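Here's the letter readout for the chains.
There are 2 protein chains.
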Amino acid sequence: VDIVFASQIETPESWLPRLRRALPADRFFVWPECGDRERVEVALVGEPPRDALATFPNLKLIQSLWMGVDGLLADPTLPRAVPLARMVDAGMVAAMAETVLVHVLDWHRHLYRYREHQADGVWKRHRQYMACDRTVGLLGLGALGSEAARRLLLMGFKVCGWSRRPKRIEGVECFSDLGEVLKRSQALVCLLPLTAQTRCVLNASAFAAMPEHSCVINIARGAHVVEADLLAALDSGHLAHAYLDVFETEPLPEAHPFWHHPKVTLTPHCAALTEPRTAVPVLVENIERVRRGEPALNLVDPSAGY
Amino acid sequence: VDIVFASQIETPESWLPRLRRALPADRFFVWPECGDRERVEVALVGEPPRDALATFPNLKLIQSLWMGVDGLLADPTLPRAVPLARMVDAGMVAAMAETVLVHVLDWHRHLYRYREHQADGVWKRHRQYMACDRTVGLLGLGALGSEAARRLLLMGFKVCGWSRRPKRIEGVECFSDLGEVLKRSQALVCLLPLTAQTRCVLNASAFAAMPEHSCVINIARGAHVVEADLLAALDSGHLAHAYLDVFETEPLPEAHPFWHHPKVTLTPHCAALTEPRTAVPVLVENIERVRRGEPALNLVDPSAGY
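For the record, the sequence lines run as chains A and X. Heads up: the first sequence begins at -2 in the numbering used here, then just goes up one per residue. Heads up: the second sequence begins at -2 in the numbering used here, then just goes up one per residue.
Hints were generated in silico from the structure; no laboratory data involved. It is possible that part of the hints are untrue.
Restricting the straight-line Cα-Cα distance to at most 30 Å, the calculated cross-link-like pairs of lysine-lysine (BS3-like) are [said to hold, decoys possible]:
#	chain 1	residue 1	chain 2	residue 2
1	X	LYS121	A	LYS260
2	A	LYS260	A	LYS180
3	X	LYS260	X	LYS121
4	A	LYS260	X	LYS260
5	X	LYS260	X	LYS180
6	A	LYS155	X	LYS155
7	A	LYS180	A	LYS164
8	A	LYS121	A	LYS260
9	A	LYS121	X	LYS260
10	X	LYS180	X	LYS164
11	X	LYS155	X	LYS260
12	X	LYS155	X	LYS121
Note that this is a predicted model, so its numbers are computed, not measured.
Can you build the whole structure from these sequences, using the hints too?
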């Protein structure tokens, strides 16, 4: 099989050596290099150059290197007839669960407040809670949400969650009614795919439905949050803190109020990166499936948007 | 049994209602109130007023409300002939494990660096590691260390540890040679009791033995660290960051360089507080043992210092 690697973000050196070792009989090209365009059957992409994919007439699989495919689906030059698979790899799922844990624990142990005290030179303790006093709400209960839930439960937190499709996860209160999750969530974690249904899900009425002094953790997509509503909920004192990894515009513009807001902990879209060590075996499996003429794993349902 | 509660720090309202409900036939006094001094058999203490304990001639147990008893043992007015028990309660053990996890994850996910970037308005990603790329070293493998180890292992970290007495913990590389732990530890966590043997254990030669760009987490006692040596190791760039909860002098003096050091995350001795909900059953068990004339749980060995 001829395979083209086309990404403006991912570096080929992190991927190609592993892929070539795993699949020595296949031919890998790095866009714009691509050999005979008619022979290319698989494109490995993460923000591919516009129009690039449409130049391969016999493409059988577009394989995203990333879990989120909202960017790809928004590209009008994406060949819609070609099956699209998203990446679900163990390293990325684990990284996301680590990020959920560190932010939930930072809030639970009051570390965001202690950092403020440190800056002010103030020695002051806050009341300690037990993990079982705290309910964490997960928006999204797929591969990411269920692993985050498992680890939160191991730490003793109460966990509830919301998903479009009904889910059953041991120990997790699962709801299809968002309001049920919002009213319970002292820490609310957004892990949703970005779709027409989930855009702006974290808005003024969602924040108002949450308990006083809760925190919001958005590590999905910037467009899940109505930024002005979040700022208002933080400034009014209703929300205690926000941990934000993703933004409507990235990199976050210099003048954006999130940068220096005392109630915002901001990271540069690094909550979880695809990990080539665990992702390459997933790519290999899907390339083998193309070779055998079988459907790929983790195919995107364009009508659902993920 | 007559029991006196004597603490300059712990508030009786957090403890007495639960104790009275659990032991309705016993009599509880809050120092300086104490009824008939000759009848008091148990003292519940956390920094008791000096000389207080020596005024009870028939004391059968001094029960610390805290895990660390170095302060008590350093008090020359402590009646040495009376058995002394330290507190080991599930809530406090869990709190300490949460604190270990949050600091290890903060370092592992580079959050201390991203906070600096946020303050500087810089959008910059750092390389992601997997938990299995990281070795966490635990100094102390008792109740605290073994629970921290269990949770770190569940998160996928490699864990090694050092203890005075040989220990075997599934999945943990246990050493009695401190150097073996130091040279492996990319994150080093101090959970030791403070004794003559452990005082100043975190000194210049210990830091030099650690890998470059490691972090140190001290949530035991301030006197475990030679503060000037730690500052030197941070300032030279050898250590990447220190998470410090405890200090030689507490509250930390206003002019101390830790307050505003860019490589220090500082908390006000709050890594884990005794949790009355889980500690009261331990107190009740030990009071019942006094009543039955049996030795208490968690007795301190004065020669070991804990």
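Against the structure, the hints come out as follows:
1. Taking the CA atoms of X:LYS121 and A:LYS260, the gap is about 20 Å. The hint holds against a cut of 30 Å.
2. At roughly 21 Å between alpha-carbon atoms, A:LYS260 and A:LYS180 fall within 30 Å of each other, so this suggested pair holds.
3. Pair hint X:LYS260 plus X:LYS121 holds up; C-alpha atoms about 18 Å apart against a cutoff of 30 Å.
4. For the hint pairing A:LYS260 with X:LYS260, the CA-to-CA distance comes to about 21 Å; that is within 30 Å, so the pair holds.
5. Under the criterion of a C-alpha separation no larger than 30 Å, the hint pairing X:LYS260 with X:LYS180 is consistent with the structure, at around 21 Å.
6. For the suggested pair A:LYS155 and X:LYS155, the alpha carbons sit about 27 Å apart, so the restraint of at most 30 Å is met.
7. Restraint check: the Cα-Cα separation between A:LYS180 and A:LYS164 comes to about 19 Å, which is no more than 30 Å; the hinted pair holds.
8. With a C-alpha separation of about 18 Å, the suggested pairing of A:LYS121 with A:LYS260 holds against the 30 Å cut-off.
9. For the given pair, A:LYS121 sits about 20 Å from X:LYS260 by alpha-carbon distance, which is consistent with the 30 Å threshold.
10. Between X:LYS180 and X:LYS164 the CA atoms are separated by roughly 19 Å; this keeps the pair inside 30 Å, and the hint holds.
11. The suggested pairing of X:LYS155 with X:LYS260 holds, with an alpha-carbon distance near 24 Å, which does not exceed 30 Å.
12. Restraint check for X:LYS155 and X:LYS121: satisfied, since their Cα atoms lie roughly 28 Å apart, inside the 30 Å limit.
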